[in-house]
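Number of protein chains: 2
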Amino acid sequence: MKLAVVGTGLIGASVGLAARERLGAEVVGCDLDPAAALDAGAIDRATSLDEAVDAADACFVCVPVGALVETVEAALKAAPAQCVVTDVGSVKTPVVAATSDERFVGGHPLAGAEAGGAAAARADMFEGATWFLTPTGATSGIQLEKLHGLLGGLGARPTVIEADAHDRAMAVVSHLPHVLANVLVGLAASGLPVMGPSFRDATRVAGANPPLWAEIYAANATALDDALAQAIDGLSAMRERLAAGESLEEWQSRAALARDALRAAGAGGDLAELHVVVPNRPGVIADIALTLAREGINIADMSLAPSVDMATGSLDLSVPAGSETRARELLAELGLAS
Amino acid sequence: MKLAVVGTGLIGASVGLAARERLGAEVVGCDLDPAAALDAGAIDRATSLDEAVDAADACFVCVPVGALVETVEAALKAAPAQCVVTDVGSVKTPVVAATSDERFVGGHPLAGAEAGGAAAARADMFEGATWFLTPTGATSGIQLEKLHGLLGGLGARPTVIEADAHDRAMAVVSHLPHVLANVLVGLAASGLPVMGPSFRDATRVAGANPPLWAEIYAANATALDDALAQAIDGLSAMRERLAAGESLEEWQSRAALARDALRAAGAGGDLAELHVVVPNRPGVIADIALTLAREGINIADMSLAPSVDMATGSLDLSVPAGSETRARELLAELGLAS
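Residue numbers (our numbering), protein chains in the order written: chain A, 1 to 338; chain B, 1 to 338.
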């Protein structure tokens with residue numbers, strides 16, 4: 001297997017290391033300055049984009065959010081017909097909207113800091129980490145399944161989701177915490193130079209990588225604005241509770257329940273298997289994955305075997321135990337027997 | 001030395017352990033259920049409040065914020081004339097306002113979780129930790145200096161501050177992060193069950209100890225409301241920046257600077273010594289400490305030696321190197337030669 005990695009910073013170099021060590025892949029890097037990735041053993045060699053993607057099975061575009069659209073476009077232009085192209089940007093709508101190429105699947109691993117460089121790369125960076133995939137109706141099922149399997153091979157837990165839902169979720173669980181961290185250090189700057197443990201935790205990411213984060217906020221401006229409005233509503237409601245002299249114990253208890261529920265939902269569990277015969281047309285696998293994702297059913301594993309005449313395929317899906325009945329109903333609604 | 005510890009939860013038991021192990025003190029506990037503290041070796045024995053404070057040199061009131069005022073009052077009533085009484089509550093204005101006894105000094109160590117019980121107590125809990133002291137004009141200098149030294153003996157860094165300034169600072173660096181954590185988990189509860197590292201850090205304290213935190217929010221309602229209003233202003237300003245399409249790189253960079261400045265200010269450094277002759281009247285030591293604190297000059301160590309006729313005392317102060325000139329000016333403004 002040959003992989004192209006375009007942009008060999010922390011994430012790109014970790015993809016390279018993991019693919020070389022865990023999958024025995026040949027990894028070719030493309031970067032203005034690939035020295036650190038070569039030193040780290042993350043890539044076999046560094047070349048131009050054209051040479052990197054030549055005969056590659058997959059291409060990972062690991063450049064900053066602001067350069068994603070143009071770099072993905074260039075990679076798709078240079079890549080051969082069988083090569084799946086993906087990216088690792090933390091905002092998905094703009095890059096997904098910019099292409100209708102069936103070889104492209106947007107991606108976003110929840111791992112690693114946004115900066116740090118190839119020297120900090122690790123082969124186990126993605127072990128157990130959620131890796132979002134945002135296929136569209138244009139995405140080839142074969143390419144999606146290939147990438148899904150490849151990410152599993154890197155140790156990640158691929159999770160299919162719509163780009164818009166991804167960006168709204170990231171606005172809450174990543175971009176908003178960064179904004180809050182900045183606001184907190186701003187408020188504290190005029191006070192005592194003292195940090196409690198909750199403040200230290202909440203402000204760890206304050207001021208992280210300014211050029212990169214400016215791009216992320218801007219790329220996800222709509223969803224972030226909505227999250228900010230909701231946060232303001234939450235803080236305003238708290239002011240009203242304080243002013244009314246309400247007991248806040250129940251409010252605090254509800255937060256404890258929400259936190260526990262979030263943690264429990266993040267944990268893994270037993271899996272059930274489903275077998276589906278699917279017509280071999282673009283978008284059908286993405287359709288299945290997105291339909292299940294909308295109801296919170298994650299595909300832990302998938303494997304697609306095309307029929308001899310390539311007219312249909314046999315798709316094996318692993319979903320969390322207990323969700324297989326609902327999954328079968330959803331597949332039936334799509335006209336698919338399982 | 002004999003210490004009374006009233007309330008032998010995590011903080012009270014850690015005070016007991018540290019005082020026994022580091023200072024060789026006799027520690028007598030008072031608690032409805034002292035078994036865990038006895039098991040942990042945090043107290044020599046458990047008795048009634050009256051017996052605990054009998055002939056004690058210091059009394060630490062380590063009960064939840066909601067029970068502070070009445071417990072401090074009871075402790076002062078039972079304690080002998082030479083006994084300094086302090087508390088460890090995270091909100092200081094109400095308890096400080098409730099007493100004008102010269103033996104009382106409000107306190108608040110920045111260490112430990114707010115719950116956890118005596119079983120989690122550690123003798124090194126306060127090693128290097130800031131321990132706020134909030135003396136008033138009524139506080140005896142001898143008692144303040146005794147407590148200051150005792151806390152240093154526990155490994156802490158005692159830091160004198162006005163109760164009001166303390167509560168405003170805590171509203172920003174502790175109570176607001178807790179509210180934000182609750183708001184964040186509330187927003188995320190309706191979305192994907194996924195947590196990025198910044199979200200995980202920012203929500204670690206979500207829903208912490210509901211009865212205790214309800215008391216803390218209520219006790220510090222005024223300062224917390226002000227911090228909430230400032231946070232809302234900060235988030236609203238961010239919405240305006242996003243709507244205007246402003247580059248956010250400079251904003252992100254300013255947060256990085258603020259964070260670095262906060263961290264640098266928290267670090268220690270070289271010390272300078274000052275010697276002051278002070279009249280032996282109530283409040284003068286607290287006056288000196290608070291005057292220096294208002295300009296950000298922390299007293300790392302202080303030692304008070306009364307003159308033979310008890311009319312004056314000789315006070316030795318250690319302040320951060322570089323601040324001794326300004327400290328001398330401030331002492332001169334108080335009519336004190338150094």
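These are calculated hints, taken from the structure and not from any lab test.
Be aware that a few hints might be false.
To give a feel for the contact side, a few chain B residues facing chain A, derived at Cβ under 10 Å [to be verified]: (1) LEU76; (2) ASP164; (3) ALA165; (4) ASN182; (5) GLY186; (6) THR222; (7) SER247; (8) LEU262; (9) SER314.
Here are the computed distance ranges between Cβ atoms for each label pair [as the list claims (entries may be wrong)]: (10) A:GLU240 with B:SER247: 55 to 65 Å; (11) B:LEU257 with A:LEU334: 48 to 58 Å; (12) B:ALA272 with A:ALA229: 47 to 57 Å; (13) B:GLU333 with A:ALA119: 45 to 55 Å; (14) A:ALA35 with B:ALA243: 36 to 46 Å; (15) B:GLY116 with A:ALA243: 28 to 38 Å.
Please read all numbers here as calculations on a predicted model, not as lab measurements.
We treat Cβ as the ideally placed atom computed from N, Cα and C, and that holds for glycine.
When the nearest CB of chain A is found for SER314 of chain B, is that gap smaller than 10 Å? violated, 30 Å
Confirm or reject the claim that LEU257 of chain B and LEU334 of chain A have a C-beta distance inside 48 to 58 Å. About 53 Å separates the Cβ atoms of LEU257 of chain B and LEU334 of chain A, which means 48 to 58 Å holds.
Can the hint on THR222 of chain B be confirmed by a CB-to-CB distance to chain A that is less than 10 Å? holds, 9 Å
Are LEU76 of chain B and chain A close enough, Cβ to Cβ, to be under 10 Å, as the hint says? violated, 28 Å
Tell me if the interface restraint on SER247 of chain B is satisfied: Cβ within less than 10 Å of some Cβ in chain A. Where the cut-off is 10 Å and the nearest Cβ of chain A is about 6 Å from SER247 of chain B, the hint holds.
Starting from the range 47 to 57 Å, see whether the pair ALA272 of chain B and ALA229 of chain A falls in it by beta-carbon distance. holds, 51 Å
Should the interface hint for ALA165 of chain B be scored as holding, given a Cβ-Cβ cut-off of 10 Å against chain A? holds, 7 Å
Lying within 36 to 46 Å: is that true of the beta-carbon distance ALA35 of chain A to ALA243 of chain B? holds, 41 Å
Should the hint that GLY186 of chain B touches chain A count as held when the rule is a Cβ pair under 10 Å? Holds, about 6 Å.
Going by Cβ atoms only, is ASP164 of chain B closer than 10 Å to chain A? Nearest chain A Cβ about 12 Å off; hint violated.
Under 10 Å, Cβ to Cβ, is where ASN182 of chain B needs to be relative to chain A, so tell me if that hint holds or is violated. holds, 4 Å
With respect to the beta-carbon atoms only, verify the hint that GLU240 of chain A and SER247 of chain B lie 55 to 65 Å apart. violated, 35 Å
Checked against the numbered hints above, the structure breaks hints 1, 2, 9 and 10 and satisfies the rest.
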